[in-house]
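Q: Please take these sequences and the hints and turn them into a complete structure.
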Amino acid sequence: MASKASGGSTKNGRDSIAKRLGVKRYGGQFVRAGNVLVRQRGTKFYPGKNVGLGSDYTLFALTDGYVVFENRRNRKYVSVLPPEEWEKLNGNGKAH
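For the sequence shown, our numbering puts the final residue at 129, and the numbers step up evenly by one.
Hint data in this document are derived by calculation from the structure and do not stem from the laboratory. Computed from a prediction, not measured in an experiment: that's the story for all the values here. Think of the CB as a built atom: it goes at the ideal place given N, C-alpha and C, for glycine as much as any other residue. Don't take each hint at face value.
Claimed, not checked - Below, in silico cross-link-like pairs of lysine to aspartate or glutamate (EDC-like), each with a Cα-Cα straight-line distance of 16 Å or less:
1. K82 / D97
2. K82 / E117
3. K77 / E103
4. K77 / D89
5. K52 / D89
6. K82 / E118
7. K82 / E103
As the list claims (entries may be wrong) - The following label-pair restraints were derived from C-beta to C-beta distances:
8. R108 / S42: 43 to 51 Å
9. P116 / S88: 28 to 36 Å
10. L95 / G41: 52 to 60 Å
11. G85 / G61: 15 to 23 Å
12. K44 / E118: 52 to 60 Å
13. P116 / G85: 16 to 24 Å
14. K77 / S42: 37 to 45 Å
15. M34 / G75: 54 to 62 Å
16. S49 / R105: 33 to 41 Å
17. R74 / K37: 42 to 50 Å
A: See the structure below:
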């Protein structure tokens, strides 16, 4: 004979799996064309120079170069600068 009444069922105990969103390549990092830069819901970041926007708002590199994050008109932009432009911007002779 059971010494305790069985517990009732619960309506809790469910959760969705994490979607692995966020920044995947950081400022100053060298990327190849096609590399995913940011996975996001909606446009938290906007595409800048040489960056494409996927149907799920994923930002990806269109050319090889260096990642640059910038703020313009209250929006965050992600760009990919070719090595020549990157060197001009940073004033050093070495790319990597």
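Q: Hints first: check each against the structure and report whether it holds.
A: Hints, one by one, checked against the model:
no. : hint                   : verdict
1   : K82 / D97              : holds (12 Å)
2   : K82 / E117             : holds (14 Å)
3   : K77 / E103             : holds (13 Å)
4   : K77 / D89              : holds (12 Å)
5   : K52 / D89              : holds (12 Å)
6   : K82 / E118             : holds (12 Å)
7   : K82 / E103             : holds (11 Å)
8   : R108 / S42: 43 to 51 Å : holds (48 Å)
9   : P116 / S88: 28 to 36 Å : holds (30 Å)
10  : L95 / G41: 52 to 60 Å  : holds (57 Å)
11  : G85 / G61: 15 to 23 Å  : holds (20 Å)
12  : K44 / E118: 52 to 60 Å : holds (56 Å)
13  : P116 / G85: 16 to 24 Å : holds (20 Å)
14  : K77 / S42: 37 to 45 Å  : holds (39 Å)
15  : M34 / G75: 54 to 62 Å  : holds (58 Å)
16  : S49 / R105: 33 to 41 Å : holds (34 Å)
17  : R74 / K37: 42 to 50 Å  : holds (46 Å)
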